[in-house]
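Peer 1: Below, each chain spelled out in residue letters.
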Amino acid sequence: MAQDTHDPLQHPEVRLVNGRAYVAAFVVATALMTAALAVAMHGGEIPHPMLVLSGAAALAVAVQIMFLLQLDFSSTQIWTTVSFVLAVPLFVIAVGLSMWMFHSLDARTMLMSLMH
Amino acid sequence: MVNVQGPWSPIFGRLSLGAIPDNPIIAGAFIFSVVLGILVLAYLTYADRWGYLWREWLTTVDHKKIGVMYIIIGLVMLFRGFIDALMMRTQQVLADGAHSPGFLGAAHGYLVPYHFDQIYSAHGTIMILFAATPILVGLMNVVVPLQIGARDMAFPYLNALGLWLTAVGAALIMLSLFLGDFSHAGWVGLTPLTELAYSPGVGTDYWMWAIQISSVGTTLGAANLIATIIKMRAPGMTWGRLPIFTWTALSTNIIALTSFPLLGVALGLLGLDRYFGTHFFTAGMGGNLMLYSDLFWMWGHPEVYFVILPAFGMMSEIIPTFSEKPLFGYVTMVAASFAIAGVSWSVWLHHFFTMGAGPRVNTFFSIATMVVGIPTGVKVFNWAFTIYRGRSRFETPMMWAIGALFMLLVGGLTGMMLAMPPVNYSVHNSVFVVAHFHTMLMVVVYGILGAVTYWFPKVFGFRLNEPLGKRFFWTFTIGTIMVFIPMYTSGFMGMTRRLDYLTNPALFPFEVAEELGIGFYLVSVYYFVRQLYVSLRDRNANRVGADAWGSARTLEWLAPSPVPFYNFAVTPRVHARDELVWRRGQGLDGVAPTHYEDIPMPRNTSVPLVIGAFALGLGFGLVWRIWWLTDASFIAIILTVIARSFVRDTDYVVKAGEVERIEKNLRQRAAEVARAGAAAGGIDVLRPRESSP
Chain A
1 MAQDTHDPLQ
11 HPEVRLVNGR
21 AYVAAFVVAT
31 ALMTAALAVA
41 MHGGEIPHPM
51 LVLSGAAALA
61 VAVQIMFLLQ
71 LDFSSTQIWT
81 TVSFVLAVPL
91 FVIAVGLSMW
101 MFHSLDARTM
111 LMSLMH
Chain B
1001 MVNVQGPWSP
1011 IFGRLSLGAI
1021 PDNPIIAGAF
1031 IFSVVLGILV
1041 LAYLTYADRW
1051 GYLWREWLTT
1061 VDHKKIGVMY
1071 IIIGLVMLFR
1081 GFIDALMMRT
1091 QQVLADGAHS
1101 PGFLGAAHGY
1111 LVPYHFDQIY
1121 SAHGTIMILF
1131 AATPILVGLM
1141 NVVVPLQIGA
1151 RDMAFPYLNA
1161 LGLWLTAVGA
1171 ALIMLSLFLG
1181 DFSHAGWVGL
1191 TPLTELAYSP
1201 GVGTDYWMWA
1211 IQISSVGTTL
1221 GAANLIATII
1231 KMRAPGMTWG
1241 RLPIFTWTAL
1251 STNIIALTSF
1261 PLLGVALGLL
1271 GLDRYFGTHF
1281 FTAGMGGNLM
1291 LYSDLFWMWG
1301 HPEVYFVILP
1311 AFGMMSEIIP
1321 TFSEKPLFGY
1331 VTMVAASFAI
1341 AGVSWSVWLH
1351 HFFTMGAGPR
1361 VNTFFSIATM
1371 VVGIPTGVKV
1381 FNWAFTIYRG
1391 RSRFETPMMW
1401 AIGALFMLLV
1411 GGLTGMMLAM
1421 PPVNYSVHNS
1431 VFVVAHFHTM
1441 LMVVVYGILG
1451 AVTYWFPKVF
1461 GFRLNEPLGK
1471 RFFWTFTIGT
1481 IMVFIPMYTS
1491 GFMGMTRRLD
1501 YLTNPALFPF
1511 EVAEELGIGF
1521 YLVSVYYFVR
1531 QLYVSLRDRN
1541 ANRVGADAWG
1551 SARTLEWLAP
1561 SPVPFYNFAV
1571 TPRVHARDEL
1581 VWRRGQGLDG
1591 VAPTHYEDIP
1601 MPRNTSVPLV
1611 IGAFALGLGF
1621 GLVWRIWWLT
1631 DASFIAIILT
1641 VIARSFVRDT
1651 DYVVKAGEVE
1661 RIEKNLRQRA
1671 AEVARAGAAA
1681 GGIDVLRPRE
1691 SSP
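Taken in sequence, the protein lines are chains A and B.
Counting from 1, one number per residue, gives the positions in the first sequence under the numbering used here.
Counting from 1001, one number per residue, gives the positions in the second sequence under the numbering used here.
Note that these hints are calculated values from the structure, not bench results.
We treat Cβ as the ideally placed atom computed from N, Cα and C, and that holds for glycine.
Careful, some of the hints might be misleading.
Under 8 Å between C-beta atoms, here's a sample of chain B residues computed to sit facing chain A [as the list claims (entries may be wrong)]: (1) Gly1105; (2) Met1290; (3) Asp1294; (4) Gly1300; (5) Val1343; (6) Ser1346; (7) Leu1349; (8) Met1355; (9) Arg1360; (10) Thr1363; (11) Ile1374; (12) Ala1384; (13) Phe1385.
Far from chain A by the CB rule (all over 12 Å, computed), these chain B residues [what the hints assert, rightly or not]: (14) Trp1008; (15) Asp1048; (16) Tyr1275; (17) Leu1295; (18) Phe1352; (19) Ala1357; (20) Pro1422; (21) Glu1672.
The following residues of chain A were derived to be distant from chain B, with all beta-carbon distances above 12 Å [unchecked claim]: (22) Pro8; (23) His42; (24) Pro49; (25) Ala62; (26) Leu86; (27) Ala87; (28) Leu90.
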């Protein structure tokens, strides 16, 4: 229950606020997304575009975790960090099984031909 | 922005007088709503209850009142969804065979196909997202803080916000009845039918934004309940002593928190398609229409367990109480709940086995689906062993719980059949599937009705009428059997779902049986309303003490009935898994605290209601493409949130003396109830005491 007996600004979560880290995260994420967009638009000219895109996405996630969400093993952030780690299997299941399914599906239906 | 068909003006968007439907059935519904609305408003004015309504309900942050309002919204929507079902059944019994008559402009039956499509879409959307979900969230809201010995939810303000966002979703759906259309693409939103090219009207937009806005509320509520269960437990309430309903609430809300964002993404991408002309889910142009089904069911299947797990929790509370025995296999029950929650993430493809994925993919998901049967089986046996050699009493909540058990058996076994991909190649999209998932959802409905009866005295201080409750149960059960057994049969005979006209006259007898069944449902609705009315009228004869059933086991039954706004005068210390049984055994169940302390409580606030009102403006503006309204509402929401963050006076303190005075009054009243001897409140002294597990 909300008990406003303490100064909210003294909460450890609030103390983590760091303007420079936020700006850095924003700039890096924007740069990565712009690069990813460029790769997507000129996919043919770059070797292994899917790998480059996945790499950019992974890098963006890492930057956001470190600078924006500031996840670490301190007593304040450990819950959030553990929650994030527990969500990784769900991510693997959701994305991995979907890719497997669509790979199997595309080989058997006309969906791929519709995409062009 | 995509250009839409038809006229558009900057002030009214797509809204015009032509949006008002000229259908006699809708006109009837409109008159019914208006009359009911006028009656309610007249009563509030005549009885001078506006101030009470505002102070005690609309601006409240009390978890019990918010829970009750969630349940009221859910029951109203349940009624609306039921009327949709009644209309569908009547259409199918009328429109059977080439010689069936047509009324109201329909070739067969009385509903034109486009209207029929909207009815089944509304029925599904309403029943799952605006009836089952709010009622379950409401029950969790009421019960969980009481079961863990907390004063309120972790974030009371957020809790109220979740309620009002859910209310906005429900309001948008109700508005779509009288202003424009509702979606005709099924509650799942069949792609590419939901794309602007095939659904140029506002129906799909109503459906999309109602779900989108209310699911924000559900997600916030999930975070709140998880935080409450983890952080707000009373001293001594270790994980091993957590009541089983709270365990299922935890597992269910983990599902909600992880899956609802996926729904948001799926609908968001559909929104981009419809408003900005992108091609995520189009057929062709680089889009992939199956991606929508994939994303939707990746949420949709966890959502199925989001609604079923709390029902399992309710059954696990009701059955021990009325068997007067501890729950059999507590640890396995908890493990089974989390196993079901975990597996819920890897079975979604069984909703589209026939889509064309290869045998390996289908086999994987088939086995994953069958695995769900293991923890569910564990639960069924645990309940059976709890009842076995117990002192079973068949009061209404127990009847509902046992009814749910039977539904689970039928639904579960047909689910095992549907888990096999070859079976799906015969019955996919047939009414056999419809009958299966309705039997499963009946587990939820039976659980809910049992739980509402079970916890009603805790919230309101008096029990619901038993004889009428029994009539409600039996008419409802006969209705269920008569609707869904013929539906299974006609599904096997090849009847596909969502039909506004049946070509096969051989199906007619089954349709008649289903129509009779829905008639029984109608009678059961009458008994339910009558039960509520009679119970309210005779409430003074049915008042109960803290333990309304005389054999309750968990912490919530320690607080007075009705529960005071601060829940527990002194935060209880928990000693056992079935705390009340332990205290009864120690002779401590009626002991008053010797020392009271100040209680800090959250202050009422109108901000969640205001944000809800702006969200309604936002949703309405988006549906009708009234951009000024959309922009203004969105900015207003952000400004309100910012303004609220400057409000520091969000709590107040109830002084120890005040708490003592309230408690004394409550104890005195409880003693009077016991003297009056009506409807056994408190503990029945003739019943032998049992030891704690």
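Peer 1: Hint by hint, note whether the structure agrees.
Peer 2: Verification of the supplied hints:
1. Residue-level restraint check for Gly1105(B) is violated (minimum Cβ-Cβ distance to chain A is 37 Å; threshold 8 Å).
2. The restraint placing Met1290(B) at the interface with chain A holds, with a minimum CB-CB distance near 6 Å, inside the 8 Å limit.
3. Using the Cβ-Cβ criterion of 8 Å, the hint placing Asp1294(B) at the interface with chain A is satisfied: the shortest such distance is roughly 5 Å.
4. For Gly1300(B), the suggested interface contact is broken, since its CB lies about 13 Å from the closest CB of chain A, more than 8 Å.
5. Given the 8 Å rule on beta carbons, the hint for Val1343(B) is violated: about 10 Å separates it from the nearest Cβ of chain A.
6. At its closest, the beta carbon of Ser1346(B) sits 5 Å from a beta carbon of chain A; the interface hint therefore holds under the 8 Å criterion.
7. A distance limit of 8 Å between C-beta atoms decides the matter here; for Leu1349(B) the minimum to chain A is near 6 Å, and the interface restraint holds.
8. With 8 Å as the threshold, the beta carbon of Met1355(B) comes within range of chain A, its nearest partner Cβ sitting at about 7 Å, so the hint holds.
9. Annotation: interface hint on Arg1360(B) holds; nearest CB of chain A at approximately 7 Å, less than 8 Å.
10. A least Cβ separation of about 11 Å between Thr1363(B) and chain A goes past the 8 Å threshold, and the interface hint is therefore violated.
11. Taking 8 Å as the C-beta cut-off, the interface hint given for Ile1374(B) is violated, the closest approach to chain A being about 19 Å.
12. Of the supplied interface hints, the one on Ala1384(B) is violated, with its beta-carbon coming no nearer than about 33 Å to a beta-carbon of chain A, more than 8 Å.
13. Violation of the interface hint for Phe1385(B) is found here, the shortest Cβ-Cβ separation to chain A being roughly 32 Å, above the 8 Å cut-off.
14. With 12 Å as the threshold on Cβ separation, the claim that Trp1008(B) sits away from chain A holds: the shortest Cβ distance comes to roughly 31 Å.
15. At roughly 32 Å from the closest C-beta of chain A, the C-beta of Asp1048(B) stays outside 12 Å, upholding its exclusion from the interface.
16. Distance to chain A confirms Tyr1275(B) as a non-interface residue, since its nearest Cβ pair spans about 21 Å, more than 12 Å.
17. Its closest Cβ contact with chain A, about 8 Å, brings Leu1295(B) to no more than 12 Å, contrary to its assignment away from the interface.
18. Not every CB of chain A lies more than 12 Å from the CB of Phe1352(B), the least distance being 9 Å, so the non-interface label is violated.
19. In this structure Ala1357(B) is not separated from chain A by more than 12 Å, as the shortest Cβ-Cβ distance comes to only about 5 Å.
20. Distance to chain A confirms Pro1422(B) as a non-interface residue, since its nearest Cβ pair spans about 16 Å, more than 12 Å.
21. Distance check on Glu1672(B): its Cβ is at least 32 Å (rounded) from any Cβ of chain A, clearing the 12 Å threshold; non-interface status holds.
22. Its beta-carbon lying about 9 Å from the closest one in chain B, Pro8(A) breaks the requirement of being farther than 12 Å from that chain.
23. The Cβ of His42(A) lies farther than 12 Å from every Cβ of chain B, with a closest approach of about 16 Å, so its non-interface assignment holds.
24. For Pro49(A), the shortest C-beta to C-beta distance to chain B comes to about 15 Å, beyond the 12 Å cut-off, and the non-interface label holds.
25. With a closest Cβ-Cβ approach of about 20 Å to chain B, Ala62(A) is found to remain outside the 12 Å limit, as its non-interface label requires.
26. The non-interface label for Leu86(A) is inconsistent with chain B: the shortest C-beta to C-beta separation is roughly 9 Å, within 12 Å.
27. Distance to chain B contradicts Ala87(A) as a non-interface residue, since its nearest Cβ pair spans about 7 Å, not more than 12 Å.
28. Distance check on Leu90(A): its Cβ comes as close as 6 Å (rounded) to a Cβ of chain B, failing to clear the 12 Å threshold; non-interface status is violated.
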